[in-house]
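S.K.: For reference, the chains in residue letters:
6 protein chains.
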Amino acid sequence: MFFEKFFEEFEIGESRESQGRTITETDIVIHAGQTGDFYPHHMDAEWCKTQPQGQRIAHGTLTFAIAAGLGAGAINSKAMTYGYEKLRFPKPVFIGDTVRVTFTITDKQPHPRKPGFGLVTEHTVMTNQRGETVMVCDHVHFVECKTGPDA
Amino acid sequence: MFFEKFFEEFEIGESRESQGRTITETDIVIHAGQTGDFYPHHMDAEWCKTQPQGQRIAHGTLTFAIAAGLGAGAINSKAMTYGYEKLRFPKPVFIGDTVRVTFTITDKQPHPRKPGFGLVTEHTVMTNQRGETVMVCDHVHFVECKTGPDA
Amino acid sequence: MFFEKFFEEFEIGESRESQGRTITETDIVIHAGQTGDFYPHHMDAEWCKTQPQGQRIAHGTLTFAIAAGLGAGAINSKAMTYGYEKLRFPKPVFIGDTVRVTFTITDKQPHPRKPGFGLVTEHTVMTNQRGETVMVCDHVHFVECKTGPDA
Amino acid sequence: MFFEKFFEEFEIGESRESQGRTITETDIVIHAGQTGDFYPHHMDAEWCKTQPQGQRIAHGTLTFAIAAGLGAGAINSKAMTYGYEKLRFPKPVFIGDTVRVTFTITDKQPHPRKPGFGLVTEHTVMTNQRGETVMVCDHVHFVECKTGPDA
Amino acid sequence: MFFEKFFEEFEIGESRESQGRTITETDIVIHAGQTGDFYPHHMDAEWCKTQPQGQRIAHGTLTFAIAAGLGAGAINSKAMTYGYEKLRFPKPVFIGDTVRVTFTITDKQPHPRKPGFGLVTEHTVMTNQRGETVMVCDHVHFVECKTGPDA
Amino acid sequence: MFFEKFFEEFEIGESRESQGRTITETDIVIHAGQTGDFYPHHMDAEWCKTQPQGQRIAHGTLTFAIAAGLGAGAINSKAMTYGYEKLRFPKPVFIGDTVRVTFTITDKQPHPRKPGFGLVTEHTVMTNQRGETVMVCDHVHFVECKTGPDA
Numbered sequence: 001m002f003f004e005k006f007f008e009e010f011e012i013g014e015s016r017e018s019q020g021r022t023i024t025e026t027d028i029v030i031h032a033g034q035t036g037d038f039y040p041h042h043m044d045a046e047w048c049k050t051q052p053q054g055q056r057i058a059h060g061t062l063t064f065a066i067a068a069g070l071g072a073g074a075i076n077s078k079a080m081t082y083g084y085e086k087l088r089f090p091k092p093v094f095i096g097d098t099v100r101v102t103f104t105i106t107d108k109q110p111h112p113r114k115p116g117f118g119l120v121t122e123h124t125v126m127t128n129q130r131g132e133t134v135m136v137c138d139h140v141h142f143v144e145c146k147t148g149p150d151a
Numbered sequence: 001m002f003f004e005k006f007f008e009e010f011e012i013g014e015s016r017e018s019q020g021r022t023i024t025e026t027d028i029v030i031h032a033g034q035t036g037d038f039y040p041h042h043m044d045a046e047w048c049k050t051q052p053q054g055q056r057i058a059h060g061t062l063t064f065a066i067a068a069g070l071g072a073g074a075i076n077s078k079a080m081t082y083g084y085e086k087l088r089f090p091k092p093v094f095i096g097d098t099v100r101v102t103f104t105i106t107d108k109q110p111h112p113r114k115p116g117f118g119l120v121t122e123h124t125v126m127t128n129q130r131g132e133t134v135m136v137c138d139h140v141h142f143v144e145c146k147t148g149p150d151a
Numbered sequence: 001m002f003f004e005k006f007f008e009e010f011e012i013g014e015s016r017e018s019q020g021r022t023i024t025e026t027d028i029v030i031h032a033g034q035t036g037d038f039y040p041h042h043m044d045a046e047w048c049k050t051q052p053q054g055q056r057i058a059h060g061t062l063t064f065a066i067a068a069g070l071g072a073g074a075i076n077s078k079a080m081t082y083g084y085e086k087l088r089f090p091k092p093v094f095i096g097d098t099v100r101v102t103f104t105i106t107d108k109q110p111h112p113r114k115p116g117f118g119l120v121t122e123h124t125v126m127t128n129q130r131g132e133t134v135m136v137c138d139h140v141h142f143v144e145c146k147t148g149p150d151a
Numbered sequence: 001m002f003f004e005k006f007f008e009e010f011e012i013g014e015s016r017e018s019q020g021r022t023i024t025e026t027d028i029v030i031h032a033g034q035t036g037d038f039y040p041h042h043m044d045a046e047w048c049k050t051q052p053q054g055q056r057i058a059h060g061t062l063t064f065a066i067a068a069g070l071g072a073g074a075i076n077s078k079a080m081t082y083g084y085e086k087l088r089f090p091k092p093v094f095i096g097d098t099v100r101v102t103f104t105i106t107d108k109q110p111h112p113r114k115p116g117f118g119l120v121t122e123h124t125v126m127t128n129q130r131g132e133t134v135m136v137c138d139h140v141h142f143v144e145c146k147t148g149p150d151a
Numbered sequence: 001m002f003f004e005k006f007f008e009e010f011e012i013g014e015s016r017e018s019q020g021r022t023i024t025e026t027d028i029v030i031h032a033g034q035t036g037d038f039y040p041h042h043m044d045a046e047w048c049k050t051q052p053q054g055q056r057i058a059h060g061t062l063t064f065a066i067a068a069g070l071g072a073g074a075i076n077s078k079a080m081t082y083g084y085e086k087l088r089f090p091k092p093v094f095i096g097d098t099v100r101v102t103f104t105i106t107d108k109q110p111h112p113r114k115p116g117f118g119l120v121t122e123h124t125v126m127t128n129q130r131g132e133t134v135m136v137c138d139h140v141h142f143v144e145c146k147t148g149p150d151a
Numbered sequence: 001m002f003f004e005k006f007f008e009e010f011e012i013g014e015s016r017e018s019q020g021r022t023i024t025e026t027d028i029v030i031h032a033g034q035t036g037d038f039y040p041h042h043m044d045a046e047w048c049k050t051q052p053q054g055q056r057i058a059h060g061t062l063t064f065a066i067a068a069g070l071g072a073g074a075i076n077s078k079a080m081t082y083g084y085e086k087l088r089f090p091k092p093v094f095i096g097d098t099v100r101v102t103f104t105i106t107d108k109q110p111h112p113r114k115p116g117f118g119l120v121t122e123h124t125v126m127t128n129q130r131g132e133t134v135m136v137c138d139h140v141h142f143v144e145c146k147t148g149p150d151a
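Chains as they are written, first to last, in the working numbering: chain A, 1 to 151; chain B, 1 to 151; chain C, 1 to 151; chain D, 1 to 151; chain E, 1 to 151; chain F, 1 to 151.
Quick caveat, the hints were computed from the structure, so don't treat them as lab data. What you are looking at is a predicted structure, and each value in this text was computed from that prediction instead of being measured. Every residue, glycine too, gets a C-beta built ideally from N, C-alpha and C. A hint or two may mislead.
[As the list claims (entries may be wrong)] Just the calculated beta-carbon pair ranges, DEER-fashion:
#1 133/B - 16/A: 28 to 38 Å
#2 51/D - 17/E: 16 to 26 Å
#3 96/A - 88/C: 17 to 27 Å
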């Protein structure tokens, strides 16, 4: 469940891929219920027929949360989430689409003000079964250096 | 439900505040179920007792999704989400905390490559009942200019 | 699962009582999510502290739906719901309250325009563990006569 | 979120319309789970094929609760729910139907025993995408008079 | 709600049948969320297309839990669950299948070490709308004898 | 996500332990809703106070399903579930208990009628934070031999 991976051990270009997951009408209904976002884009099939996309689409926050969840495997006890950057939704996710996520280490920098820690950027790309990119973001991790916070 | 507000009509400093919402154990359990993120930080009260925060905390993606939902009121038909920047979680959200969100327009720029459109930044700050900031991000909107896309 | 009970077989004063059910925070959160009613009366514990009732209360529609569900046992294949009258919520239902429902036949009338059918009124009273009435309504059933619709 | 509208300010004939919402299989399954009503009308597609309506239908309590939720916008701090009358379900709601609700003020009366308060009736009609009425009720509000309870 | 049926009153061959229930995509999504089992067999429609069964299937634990729930009617206050044996899933349950359960008393034995109690085996068989058996198990009940535990 | 482990590679005594999970009131309410089992043992806190255990307890099927889910990590593509034996619930699981599961290989046998396959028994024990055993069962896997089904 837990493992240890220090800042020094991350390498630019390292990559992992999640399993797939089909986004269902149920996911959208539960997400509307969890967030209170009942916008017609997600909840009104008749209105959607009058719009360019023609059908209901997943909430961006649902897409993002599922991407994060698909990456939640073993836990690096030397890292925690620092934040997210450049979250974008290039294409809509429709009911019945099957998505998967690729996580790639694209940057690592010593923390500018906290000696002994670094920031590791994991570029996160969700694609659907047609190979289209439906979500991208940079997940920045705050990671302990092997030398330790007191080094 | 729908209203029209063009790029030119946004003013830096405009602000609105959401209603409050108490984050419950139910929210966390449902979010774990929706995302598949069953990390012990959210799901194992015994393990949490051994950690600095001492108790279960909400998922960052839950906090973010609820913040977005709390802002989902009337719909500006001239705007859509462009993306999010600088998503951070300065303090944890605990079960029983009551959060609310302030949305402030902090920037507006013509779109660099798409004439007739602009980017409007809505700085989003979630606070708890103790006045602590628990989430911040910049929600960037893609907004039509009054002059229209063809102007 | 199914049984047959005709209009003629109902007797004024007949009564049945449901089992009990504890209303939980989960029920309220799920009901908010199902209906989209996130009013602070149900969702904002801090705001509720400033109000006379002092705490979150169940939605009236939740109370009503659970009362109906507690009465959903064997199905009379000769009856269907005609409607509801005089739905009232004399006292709030709080998280942790345990409710039960008494159903009493209080009226029966031949249907004014449909020979062979009658209307049977089932007075429905939900009480909590303190013996307070928290919901009442008249559930009116449309019931076939033994003589049949063609009699 | 809150506004003030006194008894005197309601006018017979005032009307507002909700947004639309597609009723999903998920809504029915969650409602069965919330209420404990697993009647075959809602849960057994094979049995429904043998019945006149031919398919699963939404619970009446679900239809009613969603209608109430669709009306839950800004909150009039001078009003609270007094009760509901004449709740009827003229046509079934099927999975995939999209409903919307019209709310019209149809009556206002001084409260017979409580000076300074009145009863305002909001006639509530839910229709589907075929224009059929699927639910009606009278929502009665208990509203403060401008003159105040002590007047 | 409660009734009393002693060990002596069970007869080999006694049988009862549940009502039917259609297993929905919603059931599977909620069960994945409740258990944390997001295996592609249940959640990835694209991957399932590459497998012999060709489509998503219900979790075995979902099938089993629903079978138990379909049998949860009136409660015998003289019995409690001792355990389950020989739980098998001969055929998969697909989204949209309608299942029902037959419960048959197939064995009864005095408890080997606890005088005054017996073990009653209820053979449980779930079938789908094509008459295929999709789950079987032996539910063993621990039942008080009429003579009482002190006899 | 997938790995390959053949019958020959399992060793009696091999063991793995799950992470922990706190069982919440939410889990019980959702499970009642999923199964339709609203027995007062799980849903009526007042009635439970009059019983020996004094409080609401988790459904056995919930405990079992969560145990299975806690074991759902990487997938052995050479194995599938054959069935479960000796499922027992020695102690109740209460709201707020934190459980974890130990899985130990306790038996392996060639399949009696299917050459090239074997049956591997994984003894499954769930314990709570007080070290009490709350569920045990034998999960039997149907596993391909390295020699293959045609050997």
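S.K.: Any hints this thing doesn't respect? Which numbers, in order?
M.R.: 3
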